[in-house]
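Student: The sequence shown begins at 1 in UniProt numbering and counts up by one.
Honestly, the hints are just simulated from the structure, not real lab data.
Glycine included, C-beta positions come from ideal geometry on N, C-alpha and C.
Certain hints may be false.
[Stated by the list, open to error] In silico DSS-like cross-links for lysine-lysine, where the CA-CA straight-line distance does not exceed 30 Å: (1) Lys124 / Lys143; (2) Lys148 / Lys124; (3) Lys131 / Lys89; (4) Lys89 / Lys148; (5) Lys131 / Lys148; (6) Lys135 / Lys148; (7) Lys131 / Lys143; (8) Lys124 / Lys89; (9) Lys148 / Lys227.
[To be verified] Distance windows between CB atoms, simulated: (10) Thr87 / Asp186: 58 to 66 Å; (11) Thr257 / Pro237: 52 to 60 Å; (12) Pro69 / Ala184: 48 to 56 Å; (13) Lys148 / Cys282: 27 to 35 Å; (14) Thr65 / Tyr288: 45 to 53 Å; (15) Asp196 / Ser309: 36 to 44 Å; (16) Glu147 / Asn66: 26 to 34 Å.
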Amino acid sequence: MLRMQLQEKLGLTELSPASDKPYRTLPLAIKKRLMDHQPPQRDLPRYERPASQITEVLSYAENYTNDCPEPGFCFRFHLVRDIIGKTVKSVHLWLFLTSSEDFNRSPARRLTIWLLNAKDTGIKREELATKVMSKREGWFHLKLPREKNDWSSTEHRLQLTNAATDFFTDSSQEPLQFPPVSLARDELPVLAVAVDPDKHHQRLRRQSQCQGDSDTCCLQYFEVDLKQVMEATIYRPSTIFANFCRGSCLQVSNFATSHAYVMRNQALAETDDDLRRYLSPCCVPATYEPPVSILYRLTDGTFIQRLVSEISAQTCVCK
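Whole structure, please, built from the sequences with the hints as guidance.
Tutor: Here it is in structure tokens:
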């Protein structure tokens with residue numbers, strides 16, 4: 001019945017049969033790089049430095065169901081800490097597609113990849129890629145856009161859905177709820193992130209200034225009206241800069257102390273968000289601007305000049 005309805009909708013006399021070609025295997029180059037990393041050791045992803053000097057970090061997916069929007073499959077990828085702050089060259093997602101009769105007969109065999117981000121209002125989804133897939137069983141890959149996510153971090157959450165459900169408009173037909181992606185132990189999706197090990201994001205510099213809504217440790221400019229914060233009458237200056245440090249230290253690559261480095265790595269390993277915030281190092285001033293000369297006018301009309309030091313941060317650091 002379903003076959004006849006599809007034929008009538010698409011104006012086809014006969015649907016093409018399912019492919020009888022052998023399934024596609026994972027490329028030999030990927031196999032070699034994954035040889036020493038087998039599930040369930042997902043906390044030890046394969047990490048190599050090819051001769052081209054482009055570091056490629058590979059990670060098997062971890063299937064999870066908590067906070068996973070329906071329908072579809074959700075996967076969590078853990079990468080090594082060495083990737084933090086690196087310049088990302090390319091991002092690829094490898095999938096093992098199974099032979100599904102319903103999926104093969106679908107008018108459009110399309111998969112959509114979503115990026116999942118936890119927000120205060122819940123899980124936010126952002127579409128990364130949609131691709132028409134072959135009927136053949138085996139490994140396929142999708143290139144994911146670099147600009148839609150900061151891939152130089154240690155954890156990413158992706159969702160796979162079947163984009164062909166839009167084509168099922170007849171109420172008598174049931175849409176395909178889940179994409180034909182294998183959940184077998186040795187066929188879980190693989191995320192491959194190629195980075196340049198010699199280049200870092202500009203935002204990771206210790207002296208970086210805050211840009212817009214940046215959430216990484218940075219220097220925030222702040223102007224203060226002295227008359228509102230000092231008890232005595234200020235004759236001059238009327239305003240000064242009291243720049244301060246703000247932001248998270250989780251994505252920073254340089255630290256003031258070994259203690260801060262160890263605590264940051266421990267925070268990255270935690271899954272509890274509250275505990276992660278407690279363990280994360282603090283973004284604090286490393287150096288201050290030169291002392292500011294302030295002229296006070298006392299109640300008896302006399303003046304006193306004082307030098308006030310450490311009132312405006314000059315650079316920031318995580319410690």
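Student: Taking the hints in turn, state whether each one holds.
Tutor: Taking the hints in turn, this is what the structure says about them:
1. Between the alpha carbons of lysine 124 and lysine 143 the distance comes to roughly 21 Å, so the proposed pair stays at or under 30 Å and holds.
2. Restraint check for lysine 148 and lysine 124: satisfied, since their Cα atoms lie roughly 13 Å apart, inside the 30 Å limit.
3. Between the alpha carbons of lysine 131 and lysine 89 the distance comes to roughly 21 Å, so the proposed pair stays at or under 30 Å and holds.
4. At roughly 13 Å between alpha-carbon atoms, lysine 89 and lysine 148 fall within 30 Å of each other, so this suggested pair holds.
5. About 17 Å separates the Cα atoms of lysine 131 and lysine 148, which keeps this hinted pair within 30 Å; it holds.
6. Of the pairs offered as hints, the one joining lysine 135 and lysine 148 holds, with about 29 Å between alpha carbons and a cut-off of 30 Å not exceeded.
7. Note on lysine 131 and lysine 143: the hinted pairing holds, with a Cα-Cα distance of about 10 Å set against a maximum of 30 Å.
8. Only pairs whose Cα atoms come within 30 Å are accepted, and lysine 124 paired with lysine 89 is accepted, the gap being roughly 25 Å.
9. Among the hinted pairs, lysine 148 with lysine 227 is inconsistent with the structure: their alpha-carbon atoms are about 45 Å apart, more than 30 Å.
10. Roughly 32 Å separates the CB atoms of threonine 87 and aspartate 186, a value that falls outside the hinted 58 to 66 Å.
11. Our hint of 52 to 60 Å for threonine 257 and proline 237 is violated, since their Cβ atoms are close to 35 Å apart.
12. Checking the proposed 48 to 56 Å range against proline 69 and alanine 184 shows it is violated: the Cβ atoms sit about 23 Å from each other.
13. The given range of 27 to 35 Å is respected by lysine 148 and cysteine 282, whose C-beta atoms sit roughly 30 Å from each other.
14. For threonine 65 paired with tyrosine 288, a C-beta distance near 50 Å keeps the hint of 45 to 53 Å intact.
15. Range check, aspartate 196 to serine 309: about 41 Å between beta-carbon atoms, so the 36 to 44 Å window is met.
16. Here the CB-CB span from glutamate 147 to asparagine 66 is close to 29 Å, well matched to the stated 26 to 34 Å.
Hint check: violations occur at hints 9, 10, 11 and 12; the rest are consistent with the structure.
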